[in-house]
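A.B. asks: These protein sequences, in sequence, are chains A and B.
Note that the first sequence covers residues 11 to 787 in the numbering used here.
Note that the second sequence covers residues 27 to 361 in the numbering used here.
These aren't lab readings, by the way, just hints derived from the structure by calculation.
The model shown is predicted, which means the values in this text are computed figures rather than measured ones.
Just so you know, not all the hints are guaranteed correct.
Reference listing, derived: stretches of chain B covered by chain A, where coverage requires no fewer than 3 residues with Cβ under 8 Å from a Cβ of chain A [claimed, not checked]:
no.	segment
1	316-330
2	344-357
Derived DSBU-like pairs: lysine-lysine, alpha-carbon spacing no greater than 35 Å straight-line [as the list claims (entries may be wrong)]:
no.	chain 1	residue 1	chain 2	residue 2
3	A	K695	B	K285
4	A	K715	B	K235
5	A	K185	B	K235
6	B	K276	A	K715
7	A	K713	B	K66
8	A	K713	B	K235
9	A	K180	B	K61
10	B	K61	A	K754
11	B	K265	A	K715
12	A	K715	B	K230
13	A	K754	B	K276
14	A	K695	B	K265
15	B	K285	A	K715
16	B	K265	A	K713
17	A	K713	B	K220
18	B	K276	A	K695
19	B	K265	B	K276
Every residue, glycine too, gets a C-beta built ideally from N, C-alpha and C.
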Amino acid sequence: MRFNSYITAITCLMVAVGFAATCLVEELSPAFLVFAGAAAITSLAINVRVMMRPRTSVSAPAGTPAIKKAVEDGWRAVFNVMAALAFALFLADYYAISQTLAAAASRFLAILALIKLYDLRSTRDYVILFTIVFFQLIGAAASTVSPFFFAVLSAFVISAIWAMVVFNIKRDFEKSSPSEDIPAGIFGARFFLSTLAVAFGSLAITLALFFALPRMGVGLFEKKTLRTVKVSGFSEKVRLGELGPVKLDPTVVMRVEVPDGIRPLQTLYLRGAALDYYDGESWNRESGGKELLRKNDRGAFTSPSPMPAAVKTTGNIHPAVPDGPPAVPDGHPAGHTKAAAGEMVEYRIMLEPLETEVIFTPGLLPAWPTGWVEISGRFNYLWTDASDTLYLSSPPYSRIEYTVTVNQPALPAGKDGGRAVKDLSPYLALPPAVLDGPPEAGAIKELSLRITEGAGGDAEKAVAVESYLRTNYRYTLDPRKGAGKTPLDDFLFFTKEGYCEQYSTAMVILLRTAGIPARLVTGFSQGQWNGFGGYFLIRQQDAHSWVEAYIEGQPSRTAGWVRFDPTPAAGIITPFSPLPVSLYLDSLRWRWTRYVIGYSFSDQIRISRAIEAKASGLQALIKTTLNSVKDGWLAVRDGVLAILKPSNGQWRRTTALFFVLFAAAATVFLAAVKLRWKRGAKNPKTPWFYLDMLRILGQAGFKKKGPETPREFAQRCAVPEAMRLTEAYEGIRYGGVRPEEAEKAEIRRLIESLRKKNLRRPSGTECRPSGTSVPIG
Amino acid sequence: MDAKEISGQPAGHTGQPAVPDGQPAGLAGKIRALKENLGKVILGKADIIDLAIATLLARGHLLVEDVPGVGKTTLAHGLARSIAATFKRIQFTSDLMPSDVIGVTIYNEAAGGFEFRHGPVFANVVLADEINRATPKTQSALLEAMSEGQVSVENVTYRLPRPFILLATQNPVEYAGTFPLPESQLDRFAMSIKIGYPDEETEKAIIGKRPFELTPERLSPVVSALDVTAMQEAVEEVKVEEDLLNYIVKIATGTRTNKAIKLGVSPRGTMALHRAAQAMALVYGRDYCIPDDIKKVAVPVLAHRIIPAGYSTGETFEEPHTLIEEVIEGINVPI
């Protein structure tokens, strides 16, 4: 292997890393990346071809040195003009076209790298190219929070070290002996392995520092803006029918880490906004103003309602409710073995930037929908209102993370669940538009009476309404238009089909008609369980709405808000089932965001406490590690198909993955080639041409035996070229002879002629005694 | 690309008038002349001639061991005759005394005092014919001469002329009335070679010649004693690449770890192997060693220095030279 091949290989590696980084920039279009990738591959192919050509024919076209220099200068000028044009394009892009710095800069860097790729002549050109790659990496770091960035960064660190070493050697060698070929044999497998070791060592130290250094400020990545996810249904006003299109969108909005990573048996509801006023078309919030929540001495926001005392789980307020597929009686703590009655449990929520200031709180038990105790996160203010909705000051501009402490399974004693309710009248209001709906005024009242007939208390009435809606209406995301005056009339009397919004609106109205205070709650259902990371993955399509009713006269407490969900199970369970590998990748992303990007001082304290507490937990750690390795393996196994058909929306990740794999494959290939030659040549001092000769002869069936001297081997092969090359080799290898230009040309010619020769091992050559009577000298 | 020719002479060496005109100048030429000269009387044994010259250049002593009549004495004598230097021949017999070799102090009546009469060992080239026929006492008288290039008689040390090479022959077949050389003495021979029978073609050529043509006496010197010294100095400058040094050491260690060898090679043997390989490279006209040089000299340098397992207990044992070859076949050549 010639020295130049190393340079080409390392250039390939670096360019691949640069493009992998570019792929991570989320603003770039696939078309641009495909174009840039194709151009890069073409250029590399040209480079490889030039490298493969024998040196003698590389010489520039005939002409005097002056003409040659002029041509050279001309080309350089052309490339400089192109670079200037690219810069102009960048300015235009930034100020006029895309107007985002990340996209414009990434595009500019990619184009600059492409121009440089076609103009690689001196060492300086390579250095410039690698600098561009470095900036591409920085660009990616600034505009992505993808965990793939770590892979790209690792690849960059390794290939950059190689590049530095190779180019240093090249420069020094050219300085000390300009006419010489650089001996390619200086790189053994040991060199590559030790570089790898150094790179991984430095990465490990960096990681250790990252996790160990005290966190004082906000991370660099914190400031970055994610694309905001447009959502509807969580603002002050929700039009009926708005949630429908949303239910088809697989964009991830939230991840909810449950305590101990054990999947709860009850369905998890993420409560967003509660709305009280319905005007026949849309829901509004009318009840009262916002109130600022106080922070306690730990910097966490506390619930305005009195801390619920831990009492034993009693009564079951609506036994008939089938609550999702893993139907377990409500209030039964079986799903949460750790969360025994009265025990505080902590949910960690990572919320993508949504276009709403509402934040979501988890709830499992219907009887305690607003039962959070403490919320802590990196926001300064948290507001609430009479409907127990929680607001930030403004919609977040980046992903936010917060923890919610819940006293979940314990039913609070006392008068109230949630805020002290001063005035229940807004939750009983029925606008005229509702009451005189078709077919005739009073139809809703009639229906309400019919359903609740025979039910004892408010709780029983509510359960009756809930089950009536569940069983008599058809769930569809695309309800037809009926003859009714309002969407609600259509749902109740004409088409009898709809989704969660229609169901819950209908239930609120029916309850209010029956004299039970009720309100509509929007939020998300639990979404998808990710067993790899122990969290729920919640997408836009998991948007949901349900009902809270104020029930008096329960066995466990006198009065309070209770959650009801009239939507049939079909509406809660998302049909979408991603491949295990995508779940695994998402869990990686979760960990990356959770433990790297969002890594904070409190995490450090938490970790150090955990280490203290679990001093004896090494065994458990090993078990966990093994399990996660096993999980990873299973995911990979199941995911082979997924790689064959990358699902929609994953192309960016797939492309980045492709480049990383490409770089890895190139590395492995290099190492393999290196190792193969190493077997023949135990010493990096061996000149390249002798290794080439051994390889060519080896392919023809002549294998050099270990104890055989080069000369004995050449004698045995009886190929004239081999004899000549061996003599040259001996002089260089053992005599330290520096070959002159003519000899170098001769060596190249001999290798070429050896390559072209149709060598066939004569039968019986192997048996010829090697040795004693061979004349040497 | 050819191996680098040795041209010019090392510093400090001046031309030698004893060499007849018309001989090629330069060390390489002189070595070639030496080879050609010896080739006139030893037919078909170029290898042996090369080894003998290498021994001379390595400042070593040569033991030629073979049956009578294959040219042992001719080789030794021929080598001596090819050098313009003093030559003595000692025929060893069982009644040969040390003083017969080294010299004796006698009373000189005319001068009125004792004087030292130099023995035959005081010569540049000494041929010790049938060395195993002498008693150990006489054999050991040669020890100091061989290793230090000097002899001590009655507290007076006499330096031997430079260069000094001892060529000994011995007949391995007739052991009756012989005293096999002790290990310590064998170790002092740089090489021990066997000439072997000539092939049929050569033998025919030999008998086709008149007896006079094959006598060493007809040879005329082609190099001077100073030339030989220069060559010996040049040998020390021959480059041995580091991996080849490792190779040499591995061979030496290989003889020590081999189960079939009772006594391996001493460090003196390793040194001899190194020096002989350098000399061999010079004989072939190179100023650097290649693995083939080492392989070439390994058996002659090492075989007489080892004791095969079972040798002294009377069990069957392998020939030393086969054992050395086995050791070499087990070591990878650095490339």
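A.B. asks: To test your reading of the hints: which numbers does this structure violate?
C.D. replies: Result: hints 4, 5, 7, 8, 9 and 12 break, sorted rising.
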